[in-house]
Amino acid sequence: MHPAFSVIFFTTSSGAGYGLLALVAVASALGFVPASGWFAVVSLGPATALIVAGLLASTLHLGHPERAWRAFSQVRSSWLSREGVAAVLTFLPMAVFGIAWAFCGRSDGVFALVGLFAALCATVTVFTTAMIYRSLKPIHQWHNRWTVPNYLALSFATGGLLLDALVQIWGRPQAVVGIAALVFVAMAAYLKHRYWNFIDTTKSASTPESATGLGARGKVRFLDAPHTEENYLQKEMGFAIARKHAVKLRAIARHSAFHLPFLLTAASLLLTGMPAALAAVAAAVFGIAGTLVERWLFFAEAKHAVTLYYGASEV
Amino acid sequence: MTSLTAPLPGSKKLGLVIDLDTCVGCHACAVNCKEWNTGGHSAPLPDFDPYGANVSGVWFNRIHTFEAGEGDSSRTVHFPKSCLHCETPACVTVCPTGASFKRAEDGIVLVNPDTCIGCKLCSWACPYGAREFDADEGVMKKCTLCIDRIYNENLAENERVPACVSTCPASARHFGDLGDPSSDVSRLVAERGGFALMPEMEYAPVNRYLPPRAAKTAVGCTGAKAELDRPADAAVLHPLLRWMDKVLSR
Ligand code: SF4
Ligand code: SF4
Ligand code: SF4
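Those protein sequence lines, which keep their order, are chains A and B.
Anchor point for the first sequence: position 187 equals 186 in numbering that gives the first Met the number 0, and the numbering is continuous, going up by one each time.
Anchor point for the second sequence: position 175 equals 174 in numbering that gives the first Met the number 0, and the numbering is continuous, going up by one each time.
Please keep in mind that the hints were generated in silico from the structure rather than gathered at the bench.
By construction, the Cβ of each residue, glycine as well, lies at the ideal position given by its N, Cα and C atoms.
Be aware that a few hints might be false.
Claimed, not checked - Which bits of chain A does chain B cover? Going by a derived footprint, with three or more residues having C-beta under 8 Å, they are:
#1 128 to 140
#2 201 to 207
Unchecked claim - Simulated pairs of lysine-lysine, DSBU-like, Cα-Cα distance not exceeding 30 Å:
#3 B/Lys119 / A/Lys234
#4 A/Lys136 / B/Lys11
#5 B/Lys119 / A/Lys202
#6 B/Lys12 / A/Lys136
#7 B/Lys119 / A/Lys136
#8 A/Lys234 / A/Lys218
#9 B/Lys33 / A/Lys234
#10 A/Lys247 / A/Lys136
Claimed, not checked - One side only, chain A facing chain B, incomplete, derived with CB under 8 Å:
#11 Arg144
#12 Asp223
#13 Glu228
#14 Val305
Pulled out of the complex, with its shape left as it was, chain A reads as follows (with noise of 0.2 Å):
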C-alpha cells in the first residue's frame, strides 16, 4: 500500500495526542500529576494540538475535504464513520475536563470522571482508527488480530513518553509515570514483534490461481498487464519495499521506537534534575520519530490483493 505521508503522520500524531489526553487523565485522577490549572494547559494544550494537527491532516488526502461532514453519516457500517464521531464526540468531555482544570483549578470529583471519560473516548478513537485497517480483507497484513493491540500500545507508549516528558520538565518527576512508560514501551515493542512475526510467517488466502480461477489447470503465471504505464491501482494498491529496506527500517524502527525510548526513560528514572528532564524529552521525541517509521512500514509492507492480477503470486 502506498505510504500516504497524511495517513501515516495522522494516525502517529492523533494516536500520540490521544494515548497524552488518556494517559493525563487518568493520571490526574490517580493524583500522579500536578493539580495546578497550569499543568492542565501544557499537557492537555500539546494532546489537543496532536490531535487536531493529525485529523487535519487526515483530510488533506480526500478529495473533497469539504465534504468532510458527510463521513458521519454510516456510523452503522463503517469504521471510518464511527472513527470520524468518536474524534468528534471525544472533544466534550475533553474540553469539559481541560476548562474545568485549566481556568478553574477542579480535577476533582466530578471533573475527575469526566476526565476518565474523556480518557475512554480518546481509547475508542484510537481503536477505530486501528479497525479501519483491521476490517479490511483484501490486505492480509493489515486484517488481522495484531493490528488493533499495536495502534493502542502505540498510542499509550507515545502518550506515555509525552506524559513522562512533562512531569519532568514540569520539575516534579514522578516514577509511576516514568514506569507506566516503560511497561507501555515494552508492551508496544512485543506486539509489534508478534506483528512482524505474523506477516513474515503467514500469507493471504488468495492466489494468482483463486483470482483467476484457473487453479484447476495448474499454476498461473501472469503474462501481459492491461497497460504499459501504471494506473490508480498500481500507485495507490502496488507499493512494493524492496526487502533489505524493510529490514533496515524495521531495526531502525526498533530502535528508534522502543529500544531507546526504554532507556533513556530508564535512565531519566535514576537520573534528577535537567538530565533526567532532557533523557525523558529525548524519549518522546524517539519515540514518535519511531512511530513514523513503524507506520510507514505498516503501509509499505501491506500487500494488497489486487496486486494478484499484476504478476504478484502471493499478497
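For chain A, the structure is supplied; the task is to place chain B with the ligands on it using the hints.
Just chain B with the ligands now, kept in the frame of chain A:
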C-alpha cells in the same frame, strides 16, 4: 445508504458472464466501455498526460493476460475484469458517506459523485481492483453496468446491453439476471461450470467467469482423405506425350 439492505423479494441480480475460452484479448470491450462511459453516467473518464510518457487514466474494464498450467496443457488466457457487482461487498459498507451503494432492485453497485468525499477507502476494500479514483473530479469511479444503456428507452431494445457486451467480436461477454436460474446467463453458467473470483474473500461476486475448454490433444476424423489424389498424370508424362495430350484435348 452504506449498510447493505436485503435484496427486495423477486429483485434481479444483474451481472456479466465472461467467457475465458473465447476471449481473444482484443481489448475492444475496454475501449468501448471507455468510449461510452466517458459520456455516460460517470462522465468524464479522464486521461492524464495522454500523449506523454506517463499516461494514466480512469478505465472501468481492463484486460489482463495470464498463462495457466504447464507444458502441453498450458494455455494463454485473456482475462477481462470489471466490477463484479458483489452481493456482500465491503466497498459499500466501508464508505463513510453513503456515496458507495448497492441498489436493492437490481444489485448494481454505484458511486454517487455528489456525496463522495474521495477518501479512497472503497478502492482499498475491493480485492478485484474495480474502482479507480478520478483525481480531476476528486471522486471515486467504477463500472456502472452501463446503467444508462440497459434501461435506456431511447436505444433499440437489442442495444440495451452494456457497451462491453455489445462490442465483443467473440461474444465472450454476456449480460443478464444471474438471480434467475432460468435466464440465459444462468443456464450458460450451469452448463459451462462458471465460477466466481476469489470466493475466499466472501464478497459473493455476481459476475461469473467461464473456464477455458479443455484443449484437444488428438486429431479426430474430419472426413477428409488422408492423402490427396494426384492431380492429372500429366505431370509425369514425357514432353512429347504432353504435347499430344494438349493437342488432342482441344
Ligand atoms: S468488484 Fe469491487 S467494486 Fe465491484 S462490487 Fe465487488 S468489491 Fe465492490
Ligand atoms: S471514495 Fe467516495 S465512495 Fe469511496 S468510500 Fe470514500 S466517500 Fe465512499
Ligand atoms: S458494463 Fe459498462 S461500465 Fe461496466 S465494464 Fe462493461 S461497458 Fe464498462
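*Provide an ascending list of the numbers of those earlier hints which the structure does not satisfy.*
11
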